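Chemist: Residues per chain are reported as follows:
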Amino acid sequence: MKIGIVLSNPPGYSETFFVNKIKFLKEAGFEVYLFVDKVSSESNENCIVGYSQGNGFIEDARRKLITFFRLCLSPVKVFNLFSQNRKDGLGLRQNLISIFSSIHILSYKLDWLHFGFATMAINRENVAKTIGAKMAVSIRGYDIAIYPLKCTNCYDLVWEKIDKLHFISDDLLQLAIANGFRESISHMKITPAIDIEKFKYSEHIQNKLLRITTVARLNWKKGLEYTIEALSYLKKGGIDFEYSIIGEGNDFERLKFAAHQLDIFKNVKFLGKKRQEEIIEMLKTTDIYIQYSIQEGFGNSVLEAQAMGCICIVSDAEGLSENVLDGLTGYVVKKRKPELLSEKIKEVIHLERQLKLEMISNSVSRLKTEFNLEVQKQRFIDFY
Amino acid sequence: MIDKKICVYSGVSPSTTFIERLIVGLSESNNQILLVGRKNKEIEYNSNVINATYKNEFIQLLFILKYYLPLPIEHKRLVRSQIKFRSSLKVKLKKLSEISLVLFHKPDIFHIQWAKSIEEWIFLKEAGIKVIVSLRGAHINYSPIIDEHLGEMYKNVFPSVDGFHGVSQAIIEEARKYNLNTSNCKVVYSGLKLDKFEYKKKIFNQGKIDILSIGRAHWKKAYPFAIDVLSEFLKFNPNIRYKIIGGHSEETLFQTQQLNVEKNIELLGNLPFEEVKSNLYKADVLLLSSYEEGIANVVLEAMAFGVLVISSDCGGMSEVIEDGVNGFLFENRSKESLLSKLMLVSQLKNEEYQRITKNARQTIEERFTEGNMVDGMLNLYHHILSY
Numbered sequence: 013m014k015i016g017i018v019l020s021n022p023p024g025y026s027e028t029f030f031v032n033k034i035k036f037l038k039e040a041g042f043e044v045y046l047f048v049d050k051v052s053s054e055s056n057e058n059c060i061v062g063y064s065q066g067n068g069f070i071e072d073a074r075r076k077l078i079t080f081f082r083l084c085l086s087p088v089k090v091f092n093l094f095s096q097n098r099k100d101g102l103g104l105r106q107n108l109i110s111i112f113s114s115i116h117i118l119s120y121k122l123d124w125l126h127f128g129f130a131t132m133a134i135n136r137e138n139v140a141k142t143i144g145a146k147m148a149v150s151i152r153g154y155d156i157a158i159y160p161l162k163c164t165n166c167y168d169l170v171w172e173k174i175d176k177l178h179f180i181s182d183d184l185l186q187l188a189i190a191n192g193f194r195e196s197i198s199h200m201k202i203t204p205a206i207d208i209e210k211f212k213y214s215e216h217i218q219n220k221l222l223r224i225t226t227v228a229r230l231n232w233k234k235g236l237e238y239t240i241e242a243l244s245y246l247k248k249g250g251i252d253f254e255y256s257i258i259g260e261g262n263d264f265e266r267l268k269f270a271a272h273q274l275d276i277f278k279n280v281k282f283l284g285k286k287r288q289e290e291i292i293e294m295l296k297t298t299d300i301y302i303q304y305s306i307q308e309g310f311g312n313s314v315l316e317a318q319a320m321g322c323i324c325i326v327s328d329a330e331g332l333s334e335n336v337l338d339g340l341t342g343y344v345v346k347k348r349k350p351e352l353l354s355e356k357i358k359e360v361i362h363l364e365r366q367l368k369l370e371m372i373s374n375s376v377s378r379l380k381t382e383f384n385l386e387v388q389k390q391r392f393i394d395f396y
Numbered sequence: 013m014i015d016k017k018i019c020v021y022s023g024v025s026p027s028t029t030f031i032e033r034l035i036v037g038l039s040e041s042n043n044q045i046l047l048v049g050r051k052n053k054e055i056e057y058n059s060n061v062i063n064a065t066y067k068n069e070f071i072q073l074l075f076i077l078k079y080y081l082p083l084p085i086e087h088k089r090l091v092r093s094q095i096k097f098r099s100s101l102k103v104k105l106k107k108l109s110e111i112s113l114v115l116f117h118k119p120d121i122f123h124i125q126w127a128k129s130i131e132e133w134i135f136l137k138e139a140g141i142k143v144i145v146s147l148r149g150a151h152i153n154y155s156p157i158i159d160e161h162l163g164e165m166y167k168n169v170f171p172s173v174d175g176f177h178g179v180s181q182a183i184i185e186e187a188r189k190y191n192l193n194t195s196n197c198k199v200v201y202s203g204l205k206l207d208k209f210e211y212k213k214k215i216f217n218q219g220k221i222d223i224l225s226i227g228r229a230h231w232k233k234a235y236p237f238a239i240d241v242l243s244e245f246l247k248f249n250p251n252i253r254y255k256i257i258g259g260h261s262e263e264t265l266f267q268t269q270q271l272n273v274e275k276n277i278e279l280l281g282n283l284p285f286e287e288v289k290s291n292l293y294k295a296d297v298l299l300l301s302s303y304e305e306g307i308a309n310v311v312l313e314a315m316a317f318g319v320l321v322i323s324s325d326c327g328g329m330s331e332v333i334e335d336g337v338n339g340f341l342f343e344n345r346s347k348e349s350l351l352s353k354l355m356l357v358s359q360l361k362n363e364e365y366q367r368i369t370k371n372a373r374q375t376i377e378e379r380f381t382e383g384n385m386v387d388g389m390l391n392l393y394h395h396i397l398s399y
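Protein sequence lines, in the order shown, are assigned to chains A and B.
Its first residue numbered 13, the first sequence is counted upward by one per residue in this note's numbering.
Its first residue numbered 13, the second sequence is counted upward by one per residue in this note's numbering.
Everything labelled a hint here was simulated from the structure, so no lab data went into it.
Please read all numbers here as calculations on a predicted model, not as lab measurements.
Just so you know, not all the hints are guaranteed correct.
[Stated by the list, open to error] In silico DSS-like links for lysine-lysine, alpha-carbon gap of 27 Å or less:
| id | chain 1 | residue 1 | chain 2 | residue 2 |
| --- | --- | --- | --- | --- |
| 1 | B | 232 | A | 247 |
| 2 | A | 268 | B | 128 |
| 3 | A | 286 | A | 35 |
| 4 | B | 205 | B | 220 |
[Stated by the list, open to error] From chain B, some residues computed to sit far from chain A (all C-beta separations above 10 Å):
| id | residue |
| --- | --- |
| 5 | 17 |
| 6 | 154 |
| 7 | 262 |
We put the CB at the ideal spot given by N, CA and C, even for glycine.
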């Protein structure tokens with residue numbers, strides 16, 4: 013079976029969901045083609061790059077030439093795509109955008125064309141049909157929780173053309189339904205999973221100083237300003253700690269200034285982006301892992317932290333309350349309520365050691381049965 | 013003080029509203045004003061303003077021919093010493109034209125509006141030009157905290173600066189962390205041309221309150237914080253309406269939807285000045301939720317118009333607002349504090365509302381006029397030149 017996956021960039025090493033998916037499908041004998049808009053230096057994946065502005069004059073000219081050849085190679089398909097788009101009411105400009113953004117896919121014969129994010133399917137709704145493939149779409153967080161706010165009804169045509177939907181948490185499916193997806197269309201949940209061998213539980217040595225960690229991009233969605241506020245209440249209550257944020261992003265200035273104004277500047281460490289091995293080392297000495305997001309599809313890093321034996325406190329944003337079972341494998345706190353988060357952290361600090369160990373054991377055994385790579389691999393295969 | 017040449021340097025023309033106000037105000041004195049930098053739009057000034065701004069690289073080249081060639085040898089050497097360590101040709105060209113122009117005109121005072129560029133211009137002292145720096149908002153309040161190298165640079169350069177203008181007393185206090193000598197500092201508050209801000213007595217209706225915030229969608233404006241508090245306040249008073257002009261962003265859009273307050277909280281993009289003004293006239297309350305400000309001009313404008321202000325006590329805001337007298341102040345970043353002020357305001361009687369807004373107008377008339385600003389700045393220049 014031939015499967016084409018459409019993404020904006022080839023997946024980087026940290027995007028384990030796609031990296032694993034491609035690996036598993038290939039192992040199971042599928043032929044996988046990766047269609048991307050731009051290449052990135054981080055990935056080793058072989059992929060087919062679409063039409064986009066090149067870096068520099070020569071590269072740009074080369075890409076334009078390739079696009080021209082591709083247009084010449086599939087004139088019938090280009091015409092068919094144009095006609096179908098027109099039937100769906102696309103204006104000339106949008107229709108041309110649709111053709112140029114799909115030209116690298118049109119010459120392939122596939123069984124499935126799978127859009128890795130729902131936004132990738134916008135303006136490409138007729139591409140799968142044009143090449144005689146079935147159309148699958150994944151919804152992963154931003155694309156279904158935030159993007160439709162800026163562009164109302166943007167998925168109407170996608171839902172009309174789709175053959176199967178993949179979602180990573182139940183809340184996201186509900187959001188898709190709220191945005192016009194019909195439950196009668198085939199859909200399947202495949203959650204992220206982790207390599208239990210790599211993220212292996214080791215008993216934590218009691219730290220002198222409480223260590224709290226978050227792995228997240230420095231972006232408003234991650235609720236880091238609320239987290240910093242919650243931690244400032246902790247400090248006011250006389251509790252000392254070290255809070256490490258692993259990740260980089262646009263909100264660096266905002267968060268560092270928040271830490272300064274809330275008087276926990278010295279307690280908060282902005283560590284930037286780290287390699288997986290470094291994150292594992294950090295998690296080995298982490299007492300509490302926090303993911304207090306405002307919006308979160310599922311939260312892979314929370315699975316990793318649970319596997320490593322950290323007590324996790326998360327918000328109730330979308331997939332997080334599925335990722336952590338409140339009171340059983342960690343704690344779920346209402347989002348945007350830093351005072352509640354602060355109370356929960358205090359509760360965890362005073363939790364009896366035996367109860368903590370029970371919670372960790374619950375998490376680890378749940379991860380082994382529900383979120384291991386073998387289960388995920390089988391679901392990827394079943395999906396198609 | 014008369015017949016002095018002052019270069020007001022912000023790097024671009026037109027500059028921000030308050031710097032443009034300063035240029036216009038100063039040009040009404042007997043001094044010559046020199047403007048240097050990139051011209052984005054043609055502005056008409058009085059005849060004593062030498063507008064030596066450039067539109068493009070071609071004009072920069074002409075400037076180099078016109079201003080660099082006639083310079084004396086020691087000044088040419090000075091120019092070269094400043095451009096040799098610049099890496100890109102574009103920057104070299106820009107600096108060469110700007111520096112030559114400044115040395116050619118040789119102003120008595122070179123007044124830098126943004127502290128971050130001080131390192132590039134402090135050498136002008138070697139040519140006998142007095143260098144003054146304005147201490148404004150982010151450049152002092154948070155950039156050097158986030159970027160330690162910037163803080164170090166300030167510590168090294170500030171002792172050599174001839175004079176400082178602080179937009180508030182609070183910012184001067186903050187800048188003291190960076191080896192600032194307070195004896196050559198002066199607070200000069202921003203000022204309004206009052207005939208453009210007509211006071212209008214409002215009838216305040218407790219039942220239905222229109223709250224307004226104005227400002228770009230930048231994190232320091234703390235709109236998510238304001239939306240969180242207003243969502244709480246809506247539980248007590250469902251008749252309020254909150255509008256943010258300039259506050260439309262992915263984050264605030266998602267927040268109003270997630271908190272289910274889209275009906276009461278309206279997010280708008282940037283609007284033309286006249287529309288902003290008419291919105292401000294219509295509002296009952298101007299809310300400044302900011303985490304950081306020098307002194308927010310929008311607060312001064314609202315006070316002049318007769319709109320009641322609730323402001324965070326960040327930066328120099330407490331130098332404008334006396335809590336409960338001419339407006340209300342809440343503790344920066346404190347949701348409880350803002351919520352309690354909102355409650356208080358929502359219960360004000362019409363007479364109390366009018367008393368406060370009248371006091372606010374009086375504050376502006378007494379301390380925040382364009383005349384005060386220009387006199388204050390001329391005094392600072394005079395003080396620095398008399399050393």
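Chemist: All the hints need checking, so say for each whether the structure fits it.
Modeler: Structure-based check of all given hints:
no.	hint	verdict
1	232/B <-> 247/A	holds, 23 Å
2	268/A <-> 128/B	holds, 19 Å
3	286/A <-> 35/A	holds, 23 Å
4	205/B <-> 220/B	violated, 31 Å
5	17	holds, 37 Å
6	154	violated, 5 Å
7	262	violated, 6 Å
Against the hints set out earlier in the document, violations occur for numbers 4, 6 and 7.
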